[in-house]
Every structure is written in structure tokens, then in C-alpha cells.
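K.L.:
Sequence:
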Amino acid sequence: MVTPNIDGSGASGAFFITMEGSEGKTDEVLLTSEGFEEGTTAILNVVAANVGDINKIFLRNGGTDTYQCAKVRVELGTKFWDFDCQEEIACPKRCVEKMTLTGSQKYEITV
Numbered sequence: 772m773v774t775p776n777i778d779g780s781g782a783s784g785a786f787f788i789t790m791e792g793s794e795g796k797t798d799e800v801l802l803t804s805e806g807f808e809e810g811t812t813a814i815l816n817v818v819a820a821n822v823g824d825i826n827k828i829f830l831r832n833g834g835t836d837t838y839q840c841a842k843v844r845v846e847l848g849t850k851f852w853d854f855d856c857q858e859e860i861a862c863p864k865r866c867v868e869k870m871t872l873t874g875s876q877k878y879e880i881t882v
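According to this note's numbering, the residues represented by the sequence shown are 772 to 882, in order.
If you are wondering where the hints come from, they were derived from the structure by calculation, not from laboratory data.
Warning: the hint list may mix true and false statements.
To be verified - Heads up, simulated DSSO-like pairs for lysine-lysine below, C-alpha to C-alpha not over 30 Å straight-line:
(1) 796 - 864
(2) 842 - 869
(3) 864 - 842
(4) 796 - 827
Claimed, not checked - Here are the computed distance ranges between Cβ atoms for each label pair:
(5) 794 - 835: 30 to 36 Å
(6) 869 - 835: 32 to 38 Å
(7) 783 - 850: 20 to 26 Å
(8) 864 - 824: 15 to 21 Å
(9) 779 - 844: 20 to 26 Å
The beta carbon of each residue, even a glycine, is placed where N, CA and C say it ideally should be.
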């Protein structure tokens, strides 16, 4: 989770993620109960159901501070999925940001 170094981009409070993939959707999982500081990168480990290749995520802000992330990367072994954050997440106006895949992905090809 990358939070840009822009005034007001960080936020306190709980944040949750739901991942959707080719094999289904995870339950909502707590990422942090403390929020994210501006200008930082947080590496978080979560346990969730295997949903196959991830094609979208939902990031939910459980607090009242406005939050703006720059990028979310989900990794599993050598696979990774990158998601760009497009909008600020602020409750009660907009509590959840739906993100779809962006950029290049790493593929392993065996011949």
C-alpha cells in the first residue's frame, strides 16, 4: 500500500480489503486499525481465501478521515497484481474504492 507524500493523503482508523478473482471473492479482511501515514509504503500480510487470479479489489475506509492512496500491490508467491487508486476515500460520502488491474503484469512461461 503506497500513500503519496501529499498533504492530507494519510488517514487514521481502520482499513479493510476485499479481493475478487477468477475463483471467487474473499471476505472483507482488516488491513490495519491504525491507518496510513502520508509519504509511506506499508507492507501488510493478510490471510484470505484463495480466489485465483485477482482482477479487482475493494478498499474500504472505516474511519472518518479522507484517505488517498497511490497504489496497491497484491503479491502471492511470484505473482503480483497492481491497482492504481483513482479517488479519495472518505466516509460517509465515499467509503469504498473499487480498483481494477492496471499496468503490466509479470508472467512465467515454460516452453
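K.L.:
Please list, smallest to largest, the hint numbers that this structure does not respect.
P.N.:
6, 7, 8
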